[in-house]
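Residue numbers for the sequence shown follow the UniProt record's numbering, beginning at 1 and rising by one.
To be clear, the hints were calculated from the coordinates, so they are not data collected in a lab. Wrong hints could be hidden among the right ones.
[Claimed, not checked] Quick list of in silico lysine-lysine cross-link-like pairs, DSS-like style, CA-CA up to 27 Å:
(1) Lys-271 with Lys-223
(2) Lys-160 with Lys-223
(3) Lys-28 with Lys-160
(4) Lys-66 with Lys-28
In this text, all values refer to a predicted model and were calculated from it rather than measured experimentally.
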Amino acid sequence: MSNDWRLTVGEALRRPSFQHAQVVAGSKGLSRPIRWVHVLESADTGKYLNGGELILTTGLGFGEAKDKRLAYLSELIHQKAVGLCVELGSYLPMIPLDMLEMADHHQFPLIVFHQPVRFVDITLDLHEHLTNRQLRALRDLESYSRSLQQLSLQSHGLPKLLQHFQSAVQTQVFLFTPDSVPLFSPPVAQVVQTELSAFMREHFVADNMANPNAHFLPLNDKKQIVYQPVMAMGHLLAYVGMVLYERTADEFILLTLDNTVHAIAQILMRKMFVEEQSLAMEYRLFDDLLARRPLTEEQIRTIMGLSASARPPAYHLMMLSFERNGSQEETLPPHDATAVFRSLLERLGFRPFIRCVGNRFTFLLVEKQPVSRPRKLLDRVMAELQRILVQLIGADTTIRFGVSRSSQRFTDASKHLAEAEQALLFQHESASPYFADLGLFRLLFHIPQEPVLHSFISDYLGPLIQYDEKHGSSLVHTLRVYLDCHLSKQETAEKLFIHRQTLYHRLEKIKECIGEDFASPERRICLEIALRTVSWTHKEFPAHQTQK
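Work out the full structure, taking the sequences as your base and the hints as a guide.
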């Protein structure tokens, strides 16, 4: 899109209403674009300017007083006006040297009318001209948007769309994706491409939580990169931008960039969904692994395209469950996030296999390259998945994870799936999503609830549970906090928000119910297990934090 929608100060001087005008200072600023025309006689009202105004004055407000005229001109420059037109006459018969020097210093156009002019005619003429140009630019922008829609439906749409974008803005443009080779239009030399790619990779990829608006990245005093992220469902797909040389990014260039970004987002999303549908064989393999169907390690690696002689890659099983809390507006089905999740996980260094059933995602994450600190990377994976899912289905959502131990034997995938499920089940108890951190709960999961666990709870906590149910007290909760605080009465009282005397009274009741030796090592281990088993089996008890 050309820049002819803008009316510069130099172009305004060629209008009939300026036939008797003369530029007396600041001629280097004639390329400044005019946003509006305004009559202003006093510096006091300069604070109401928005920038980009061409100012008309007779000098009535400052005349030949040096302090006033310099304050007036300084205020216009400070408020980013684009020029000053003075009608010479009785208030100001000539432009003083100090005003000329200030205007030249700031490259601020200073224009004089040697004959009387009608400011109303100048204002009407320039405003009409500005409005017509802007309407024409809006029509061009609408036409550009329609052509983008047509290009987005064609094969090889991205290169053609980028060429169309370049012809609209008449400068170097690019499409940068962190995990592939950037596209440039027009093509650039390999040396320049390598240099620009490295520069963009350094500055763009660091912008992990991408702001969807345009960004400005200066290269030097005269050159800058203007770019905007391509986002979908809160996930960064790519960056689209341009290199501007001795040129500012005006609103129509930014609108052109924004329209291009949305069109490219549609193409990339459509491409991702098509790729998702083409992964039927991988999905069948994933289902076979989880269902323990008879496959050898060699068969699995062949289907996955892995070399039989190479060292097998490590993998992790991860489960994600989500639950919407309360009533929420209708949102996009979470299954639609699969393609976005796949793109994210591939970018983080995994070959992902994904399944979504109901409100639960299952991920088989195969490392593309050996990872020295897998837990740090998995923490990042969970944070990114949670961020995307919250944007997709709403902030009022409970999201939990379970992560298995890593393995290199794909025939053990079903076993590690059980580990991830167990970690997910006990996360509220262990405060960690990792199976390796479950400790005691790794054993409890394999003990039948009926009758073994329930009888165990009854033997060790039965009297306390019955007392709490009968009196509405919280002895079971008090006992758990007391044991968690390693028998520290002061710390226990602080966590329960009660006085120490109240705690002493409760501990005496606990001794009456379950015996004096409840704090002995053997009894304490059994009580710890019983207390955690109560929570896991959802036989939770009143947990009053204060008691009169």
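Going down the list of hints, with the structure as the test:
1. At roughly 34 Å between alpha-carbon atoms, Lys-271 and Lys-223 are farther apart than 27 Å, so this suggested pair is violated.
2. Between the alpha carbons of Lys-160 and Lys-223 the distance comes to roughly 26 Å, so the proposed pair stays at or under 27 Å and holds.
3. Restraint check: the Cα-Cα separation between Lys-28 and Lys-160 comes to about 38 Å, which exceeds 27 Å; the hinted pair is violated.
4. Annotation: proposed proximity of Lys-66 to Lys-28 holds, straight-line Cα distance about 25 Å (limit 27 Å).
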